[in-house]
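Protein chains: 2
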Amino acid sequence: MRYELYYWPSIPGRGEFVRLALEEAGVTYIDVARRSGRSGGVPAMERFLDDAKLAGAPFAPPFLRAGKLIIAQTANILLYLGPRHDLVPRSEAGRVWVNQLQLTIADFVVEIHDVHHPIAASLYYEQQKEEARRRSKYFRTERIPKFLSYFEQALSAGGRRRHYLAGATRSYADLSMFQLVAGLRYAFPRTMQELEPDCPGLVGLHDRIAERPNIAAYLASPRRIAFNQDGIFRYYPELDG
Amino acid sequence: MRYELYYWPSIPGRGEFVRLALEEAGVTYIDVARRSGRSGGVPAMERFLDDAKLAGAPFAPPFLRAGKLIIAQTANILLYLGPRHDLVPRSEAGRVWVNQLQLTIADFVVEIHDVHHPIAASLYYEQQKEEARRRSKYFRTERIPKFLSYFEQALSAGGRRRHYLAGATRSYADLSMFQLVAGLRYAFPRTMQELEPDCPGLVGLHDRIAERPNIAAYLASPRRIAFNQDGIFRYYPELDG
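Sequence order for the protein chains is A and B.
Quick note, the first sequence lines up with residues 1343 to 1583 if you use the numbering used here.
Quick note, the second sequence lines up with residues 1343 to 1583 if you use the numbering used here.
A few of these clues could be false.
Copies of the same chain look alike in the list, so a pair counts if it fits in one copy or across any two.
In silico DSS-like cross-links for lysine-lysine, where the CA-CA straight-line distance does not exceed 27 Å [stated by the list, open to error]:
#1 Lys1488 <-> Lys1471
#2 Lys1395 <-> Lys1479
#3 Lys1395 <-> Lys1488
#4 Lys1410 <-> Lys1395
#5 Lys1471 <-> Lys1410
#6 Lys1395 <-> Lys1471
#7 Lys1410 <-> Lys1479
Bear in mind the hints are in silico, worked out from the structure with no lab data behind them.
These figures come from a predicted structure and were not determined experimentally.
Produce the complete structure using the sequences and hints provided.
This is how it looks when you write it as structure tokens:
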């Protein structure tokens, strides 16, 4: 099956969690909004968002077209791709755990975004800078440590350090964790420098994912979109303490 | 199987989405933190949250114990219960759609909570009242209408008004939608009075769910926790415009 991914063309954002899964699986996909021509670009994506008669319409990007199915919500897309492309354990317990992790990552991603947009997504950062600065203090000192220590602990459940979050084999949650660590390093370099010594497992996981052949090739390709000041992970020094 | 639900005992919160599914399904469950005695109360819940060696540990309540499995994240719990208790369609497309809706409801729930806590969950409302008031303006005029009109449209995909979000039969997403409408009416009565004429489908859905025998019996029982000023849905007149 040839997948079509629909996501904003200029940011890694939530679409990147899906891209990493597709790339690791080595499947063919079209990144529709990044394609030029009549069948590409943002209008090709907005067609689905504005279609009042579409069954299963997405609330927001990313969404994936897989044959007749249109699948929205990042964790839902990954839940669909996981078993089809060997990106989750075979056991039910393993799949429940990976989805649980992915939803916790999604919660963290909302908080990361809302640090620079605590008042409204429709306002510019500059219009909510003061509130952002206030929120960032709690985010840096309470939320980042809480999430990272949870994920670090998830890597060593039962007391033994594991290579991946669901055991010996990588799952899509590991790919998302790679992106999370990379994004936090971009957005909060000082904070991460302080916190990373406390989460050696996550740092190791990040490096192991980056070195996987398909991921390494992807990261070196023009398909990978660099972090920038329009996405979820943005670098504002004043928010980094 | 006898389920054990773990959630804060004094608020409906996210636990309520799980309770509604268990009640509608008519299955036996123990609401552990609401039980008195040595095996109940909040300590019985915190035992799982503080256990650094527990595999599959939850990041936060609610979580469900089902035999050996511990399942956290509301949408993940519902995904697990759905096919076991006839709370989702049989088709894959139907299940993908219900999970997609549930995750969009979860996104909305985060925004609803953050209206009264835009700076930090660890601060009191009174400590972030000014920011909350500013955020509430955008929430009332942009976000509530956007989410409600999306869900209203989801009820009439393809142009025909449907009884339930996934077609002719109720799913767990419909139960959650009932709770969402009820909670918004509690927290934003003025705003909802203005908006409800634009979403007759959702109002009808709310009423249909409330009248289902198991749900009606549950709502009239002491097991149902009333909305109050500690949960996700809180009534602060100054945030209702």
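Status of the hints after comparison with the structure:
1. Taking the closest pair of Cα atoms, Lys1488 and Lys1471 come within 27 Å of each other both inside a single copy (24 Å) and across two copies (25 Å).
2. For a Cα distance limit of 27 Å, the shortest separation of Lys1395 from Lys1479 qualifies neither inside one copy, at 44 Å, nor across copies, at 30 Å.
3. Taking identical chains as interchangeable, the C-alpha atoms of Lys1395 and Lys1488 lie at most 27 Å apart only when they sit on different chains, with a minimum of 16 Å there against 42 Å within one chain.
4. With identical chains, the CA atoms of Lys1410 and Lys1395 are at most 27 Å apart within one copy only, with a shortest distance of 15 Å there and 43 Å across copies.
5. For the homomeric pair Lys1471 and Lys1410, neither the shortest alpha-carbon distance inside one copy (43 Å) nor that between copies (47 Å) is at most 27 Å.
6. Taking CA atoms no more than 27 Å apart as the test, Lys1395 paired with Lys1471 passes in neither setting, with 39 Å inside one copy and 40 Å between copies.
7. For the homomeric pair Lys1410 and Lys1479, neither the shortest alpha-carbon distance inside one copy (46 Å) nor that between copies (39 Å) is at most 27 Å.
Checked against the numbered hints given earlier, the structure breaks hints 2, 5, 6, 7 and satisfies all the rest.
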